[in-house]
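K.L.:
Chains as they are written, first to last, in this note's numbering: chain A, 21 to 235; chain B, 37 to 1016.
It is worth saying that the hints were derived from the structure and are not from the lab. These numbers were taken from a predicted model, which means no experiment stands behind them. The reader is advised that the hints may include incorrect statements.
Only pairs whose alpha carbons sit at most 27 Å apart, straight line, appear in this in silico DSS-like list of lysine-lysine [said to hold, decoys possible]: (1) Lys74/A <-> Lys981/B; (2) Lys890/B <-> Lys981/B; (3) Lys890/B <-> Lys219/A.
Each pair of labels, with its calculated beta carbon distance range [to be verified]: (4) Gly128/A <-> Thr540/B: 26 to 32 Å; (5) Gln735/B <-> Gly128/A: 39 to 45 Å; (6) Gln168/B <-> Asp142/A: 55 to 61 Å; (7) Val54/A <-> Asp543/B: 57 to 63 Å; (8) Asp83/A <-> Thr880/B: 46 to 52 Å.
Note that CB positions come from ideal geometry on N, CA and C, so glycine has one too.
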Amino acid sequence: MGQIFHQGIGLYAKLALLGLAIVIGAACFAWRGVVTDPHRIAEPVNQPVPFSHKHHVDDVGLDCRFCHTGVESSAFAGIPPVSTCMTCHSQLFTDASMLQPVRDSWNGKGELRWNRINQLPDFVYFNHSIHIAKGVGCESCHGRVDQMPLTRRVATLNMSWCLDCHRAPQNYLRPREHVFDMGWHAENQQQLGLDLVRKYQINTSRMTDCSLCHR
Amino acid sequence: MSSLTPSSVLGQARKRLQGSTGARFWRALEELADDPVFRRELGDAVPQLASVMSMDRRHFLQLLGASLAFGGLAACSGPPGGKLVPWISQPNGMTPGVPQFYATALAYGGDVLGVLVESRDGRPTKLEGNPQHPASFGATGPLPQAAVLELWDPDRSQQPLHRGHADSWDAFAQVAAKLRMDCGQDGSGLYVLSGRLQSPTSMAQRDALLHRFPGASWHEYEPVADDNAEQGAQLAFGKPMVSRYHIEHADVILSLEADFLGDMPGRVAHARAFAGRRDPSSPMSRLYVAEATPSLTGSMADHRWTLRSADIAVFARELATELGVNGSKAIGGSGVSAARVKAVAADLLAHRGSSLVMAGESQPPPVHALAHVLNEHLGNAGKTVDYLEGNPRSSGNLADLCMALRRDDVETLIVLESNIAYSAPADLPFAELLQDVPQLIHWGLYVDETAALADWHLPATHTLENWSDLRAQDGTTSVVQPLIAPLYQGRSVHELLALLMGDTTQDGLSIVQQHWQATLGDADAAAWQHSLGRGIALAAPAAAMPPPTQREFLAGWQPARQPDDALELTFRPDPTVWDGRYANNGWLQELPKPLTQLTWSNAALISPALAATYALHNGDVITLEHGGSKLEAPVWIMPGQAGRSITVHLGYGRRAAGRVGSNLGFDAYPLRSSAQAWAAQGVTITKTGRSVELAGTQQHFQMEAPAPVREVTLAQLMAEPDIVGRDNVTPPSFYPQQPPGEYAWGMTVDLNACIGCKGCSIACQAENNIPVVGADQVRREREMHWIRVDRYYAGSPENPSIHHQPVPCMHCEHAPCELVCPVGATVHDQEGLNVQVYNRCIGTRFCSNNCPYKVRRFNFLQFSDLTTESLKAQRNPDVSVRNRGVMEKCTYCIQRIEEAHITADKAQRRIADGDIVTACQAACPTQAIRFGDISDPHSEVAKAKASPRRYDLLAELNTRPRTSYLAAVRNPNPALGDDA
């Protein structure tokens, strides 16, 4: 019996296999591209106004709650209204070009559209106020924003990351009076954490219930 | 479809009833007859699978592969691109993410209700009752709950139209100016037609218009109104008096077709008062109902007698004679036995001063007058019923307007929120007459049938978009405040009238404020703010002393006796779409109508006996003929319907309702005449031989429960207090106990209080972002309501007792659904909730198959509308919007539980009883639903669970449901014995 396939067909077969591998690889990349967050962890995100948390928190010394007013009472910490910016910037840096979008927005010429940095899936219901009340510091999730000229994401915000704390909150809790502090460290986190779990009446048995975050 | 003929269904049903002992509950006649075909259909857990069974293996595998591939693709979606747009300056008192509630009032279905509207970052998303408002006491009902969807309806009229083309308000302002000029001093030729005015400011504006233009004429027409009650009061008292019923003081109530729980004004407050008197542990009231077609009130009756509507007047005369009312002479032959008449009369006489006779709008004015006479005779006036001075009408009626149109007197007709081209009675052919009006101006929420004929159509604002005021049935007046700026170019009726009159004040708020300043005198800004905050501007006035009744009318009134075999046609407002105005509301269309359980259509309701006579099945189309007009309608066999009475519901057959509501059902108005608005005598029916498949849900989600509802009489309960609960057992179990949390959430549903209005179903839909699926999907048993209200019958099909049973998820402690989920998408939490984790669910539907209560709902298709912008704004941001392929079910309003948890945990206190109110519980007019921590013996729900009337559904399966029921109690008159 003679050869069924021509000799040169081997090349085509190899090329076809290679092509298949490329298609599969490309599909995987495309899929990753679609499902992953637009910004990598620790990648500074450009904003229409290059707002610097470092400047406002570290240099000026503003409290988180000066701008994020809802953080103690609402699920959302809140993005400050333009009027908050204008409290100072109607007096300071009034002709800085980088503040032009803020002034435009204030004067009704177009809106300010910040790029989102931290975003949870729609089926997760996170509430800032309860975390603040139970002694989770801003820094624990948002990192040292006082050292970020451009804000960046510091945590994956995926479920296993949430559960790290929900399973063992004592590793992360701090006294309420230090929740808004940056760079705060406990001397004995374990002991303090366990004390705070008791003091703040944190029901740890319920903290991994699906119903806590998913509705 | 059943294989049996209707007469054999009825025959077999009777046979089975004779052979059975004790109460037997059934939902459909076929079920009662034990039809083998029907049993097979039910046996298939998913009836629609029958067609799939014939599929060959290869085709099945193809479909399976495709499903997997598409399922995988559908799961790929990244995080939505995020932009954050801040406020320019944040409104005072508002925190993004924290809902705010504003008090306002809502006119719906002929009634006015004080409500609190939930505003989510400026978007009204949900209505709750205003606890301080005497028409609500915090409760709502199905129609008010659906008002929020009406606001966001994308089919609403969005801009002024001039002969069907887009135009502007500025152009119309010029038309209005010219109109004023043409009217001159007199204004003859100017006609206005409005619905029934319930707003004091509108009334003042009407009077101002008629004062300015004495020749002008204002007419009011409402297809469903209390005209008969008004004329009845005129007959009895010689002046317009409005009745206010105090059902909480009534020991014995006789309803002459008065559906005071279903469609009468004040229904929400009536329901609360009625339920308050039905608690068997305190003196329980007794309700007698005589009616032609089952109503919500009839379903709660201790004695319900089915009579043709026309025979009820005869019965009323018999009763009046028996009670010894001077001047009343019985003519006999109502169909109510002498023993029953005697027993009712004796019961009423034994409760002088604490009995109540009510006549329904469907009864002619003399019956209303007779009810007033009887109440006076029984000493009830001022006790169980009191009266308010009615306002003499400064408006004409529809017939006057029709005459003017025929005389060509009408130069300009302004139609305010009235769809007269659709809803006019057959003898006043408005659809034709309006075509010859020189200038027709229509103002309304939709571009409807009347707008299509108009020269100018002007968009109205929704009631949640404008300033106004409303007077409730009991006289309580509220200011209506807007929750949102008009979404489109709508203007309120006050702004329109001000524009027409060329008033200097044209802004809605100022118009309403000016009216109230004039009314309240020197009321300052604080009083105005206070009335806005409370939702009540003027409290209900004190009762007026009615003059003694005049009984002359009795002598001249002979209710016509109809031949026994004459067929009667009665008209009723539809329980969900009312007179047709809510036709484009998907929530209301899909809500199974109380009693019929039909969705998306109306039907001609006929009695089982009539169905047997004419060999009619559900869905068979008949021709109804009366007075030269005819219409074709599918029939629905209605147990409890009077034998020779056919009922049709108004509100369907809309031609221009919108994308949701057009061309559904049939239009009953062509058979309705202004003289016989509620009952037409001597109709004829013929079979067409055609049949349609109605989207009924009465056989959906069948539970294999031997006694799903339980009912005892008061006497039985007194004799044996443990009669209901003695069979309650908790069998031992191999399954581990669920870990006990700090709280144990549970619910009770009091079947003795539930009137079956289904306010809970719609409240749940609004709260939990439940989609609408459409008639076709309902026929496939795919409706999505998380809390369904089953309707059961017991007894003979001619006049069964009727029961309603709301069925949410039972949150079983040993939940069968959890054991079969391959991905752990349904699990228990510490506090006893059976939670559904949407992002884990892969849609095997094993859970739904294993649920004995059939409370799980599957998104077979992409039911949630993810594209229509305005509908997105309605959704509750605290609840996930579910996609195709995901199972969902009642969560006990977990978002409200978490909200209460967070609030309490922040303050480091326990959640107090009453902190959590589920959406269904809040909406319930009778407080039938209680929710809370069952581990706290002092909680309301724990007390209800301790009631001797408590039982669990399918307790023998050892699912240990957290939702329990309290048995219904009836209080029949012992004097009637078996002749109930």
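K.L.:
None of the hints should be skipped; say for each whether it holds.
P.N.:
Taking the hints in turn, this is what the structure says about them:
The suggested pairing of Lys74/A with Lys981/B is violated, with an alpha-carbon distance near 58 Å, which exceeds 27 Å. A distance of roughly 23 Å separates the Cα atoms of Lys890/B and Lys981/B; the hinted pair therefore holds under the 27 Å criterion. About 44 Å separates the Cα atoms of Lys890/B and Lys219/A, which puts this hinted pair outside 27 Å; it is violated. Between Gly128/A and Thr540/B, the C-beta spacing of about 29 Å keeps the proposed range 26 to 32 Å intact.
For Gln735/B and Gly128/A, the hinted distance range of 39 to 45 Å is not satisfied, since their beta carbons lie about 59 Å from each other. Range check, Gln168/B to Asp142/A: about 36 Å between beta-carbon atoms, so the 55 to 61 Å window is missed. Judged by the Cβ atoms, the range 57 to 63 Å given for Val54/A and Asp543/B is violated: they are separated by roughly 50 Å. One distance hint, 46 to 52 Å for the beta-carbon pair Asp83/A and Thr880/B, holds here, with the actual separation near 50 Å.
Hint violations for this structure: numbers 1, 3, 5, 6 and 7, all remaining hints satisfied.
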